[in-house]
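Chemist: So you can see what is in the structure, the chains are spelled out below.
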Amino acid sequence: MAIDKNARYLESHEYARPEGGNFVIGISDHAQAELGDVVFVELPAVGKTIAKGATFGTIESVKAASDLYMPVSGTVIEVNEAVKNDPALVNKDCFGAGWLIKVAPSNPAEFDTLLDASAYGKAIGEE
Amino acid sequence: MAPFAGYDMPITYPTGAIEEHLITRRSVGLFDIDHMGQLEISGAGADAFVARMVTAKVSDMVPPMARYSLLLDEKGGIIDDLFVYRLVHSWWIVVNASNRAKDFEWFKAHAPKDVAVVDRSDDTYMIAVQGPRAIELIDNVANLAVSGIQRFNWGNIIIDGVPVLFGRTGYTGEDGGELFFPAAEAQHVWELLLAKGQALGIETKPIGLAARDSLRFEAGMPLHGHEISIDINPIEAGFKWACDFEKEFIGKEALLAIIDKGVSRKLVGIEVFGGVPREGYEVVSSDGKVIGHCVAGMFCPTVKKYAANAFVLPDYAKAGTDVSVVIRGQPRKAVVVKRPLYLPAYRR
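Just so you know, the sequences run in chain order A and B.
Counting with my numbering, you get residues 1 to 127 for the letters of the first sequence.
Counting with my numbering, you get residues 1001 to 1348 for the letters of the second sequence.
What the hints contain is simulated information worked out from the structure, not anything from laboratory work.
One or more of the hints may lead you astray.
Straight-line Cα separation of at most 20 Å, DMTMM-like style, residue types lysine to aspartate or glutamate; simulated pairs [said to hold, decoys possible]: (1) A:K102 - A:E42; (2) A:K63 - B:E1271; (3) A:K63 - B:E1279.
Pulled from the structure, derived: some chain A residues nowhere near chain B, Cβ distances all over 10 Å [said to hold, decoys possible]: (4) I3; (5) K63; (6) P105; (7) L115; (8) D116.
Where a beta carbon is used, it is the ideal one built from N, C-alpha and C, also for glycine.
Please work from the sequences and hints to get the whole structure.
Modeler: This is the structure in structure tokens:
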């Protein structure tokens, strides 16, 4: 499984990757593989402020529906419209074209509390 | 892998559920469906016995015909759905894995002395080869052209030395066939079909349970335990066409009473906007009343829709009726639609 070393992770498999002063948020390669074919993604409206650990959307695969949790608190500044129209992008390129939302953080230091690539790799049983 | 009626079945192969679905619609899907059961019914009284046990008309069936039917209890509940093959000296009944033991006991319990009911499931392997190029593939491995066999007929063929009962049947909405042959030859036939597909440039892939479900769902075919069950009768599920009221069969009296009285719910297709409907979700009318529940639901890869099958109050069963489906606590806009979403290739 690929792990983006520039990102940090929640144990529930969402990642946050710094981009300028903001964060790109999505789900990990491990998560997309576990979910199987993603068929539906529901994302919040731009402008919404959501706390770390709160639900920001839903992702549904052929198998199951899962909530998406915020890795960092912040305000949604952009939503990936492409992934809403083509949810399979999450399977094809979760760290790239399959990103979910971009967030302006309200407390950037929260990033440091997330699992780094190495710790996340261990958490999912990979070195 | 998932346990299914005592078998370990792949939900998907590495190809993935959506792509497996689409491959079956555009080329060939290979289905390892040995879990399906096969009963053989023979003897002097077999014709009359089968006619009384199953709902479909069988009196006009001669070899090599095969036909879809239901098996009912006295109350009109659906014990199982079946494919009935008229063989030369017997009847070949293909049943669902999870109902195999129940079906066998039911047939046996009703069989008169001059009828033998034998469970052939353990000796018989079953593979379905489905898709627009399935017949072309089998034509290239069999000793005779299966393209000469009509839809819902069967033929005896030989594939690389293996005797195969080939039914031009299947449960995907595509052309193709179902192969019955000695269980010891399973790997041989499976690998031969994959290899031959590759050699001929006919895209051929193994298909898992998830795609098997979405293929049958799109094509409007029921799955026992969902659209049909012991607690569901054929009238409310829309299967009156599979019942021959010109003859006697178990459950007929109950069905006539249901028809007379009118049904209390109807099976409908529902397209949902904004989420994936799944089994158990509530269906709500535009004025907020719970009018039924989904019995199956999913993303349909060919028609690219989120859809459910649901039993709803008859007043809301008309195509075009606006409803909503409650997805994880949120009512989502939805509309009753005509079934099937995907018209089977052989009905066009």
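Chemist: Confirm or reject each hint.
Modeler: Here's how the hints hold up against the structure:
1. Under the criterion of a C-alpha separation no larger than 20 Å, the hint pairing K102 of chain A with E42 of chain A is consistent with the structure, at around 14 Å.
2. Proposed proximity of K63 of chain A and E1271 of chain B is supported: the alpha carbons are some 19 Å apart, at most 20 Å.
3. Of the pairs offered as hints, the one joining K63 of chain A and E1279 of chain B holds, with about 12 Å between alpha carbons and a cut-off of 20 Å not exceeded.
4. The beta carbon of I3 of chain A sits about 21 Å from the closest Cβ of chain B, which is more than 10 Å, so the claim that it is off the interface holds.
5. Once the 10 Å rule is applied to beta carbons, K63 of chain A is inconsistent with being away from chain B; the minimum gap is 7 Å.
6. Listed as a non-interface residue, P105 of chain A keeps its Cβ farther than 10 Å from every Cβ of chain B; the least gap is roughly 28 Å.
7. Once the 10 Å rule is applied to beta carbons, L115 of chain A is consistent with being away from chain B; the minimum gap is 27 Å.
8. With a least CB separation of 30 Å from chain B, D116 of chain A remains clear of the 10 Å interface cut-off, as annotated.
The structure shown violates just one earlier hint, number 5.
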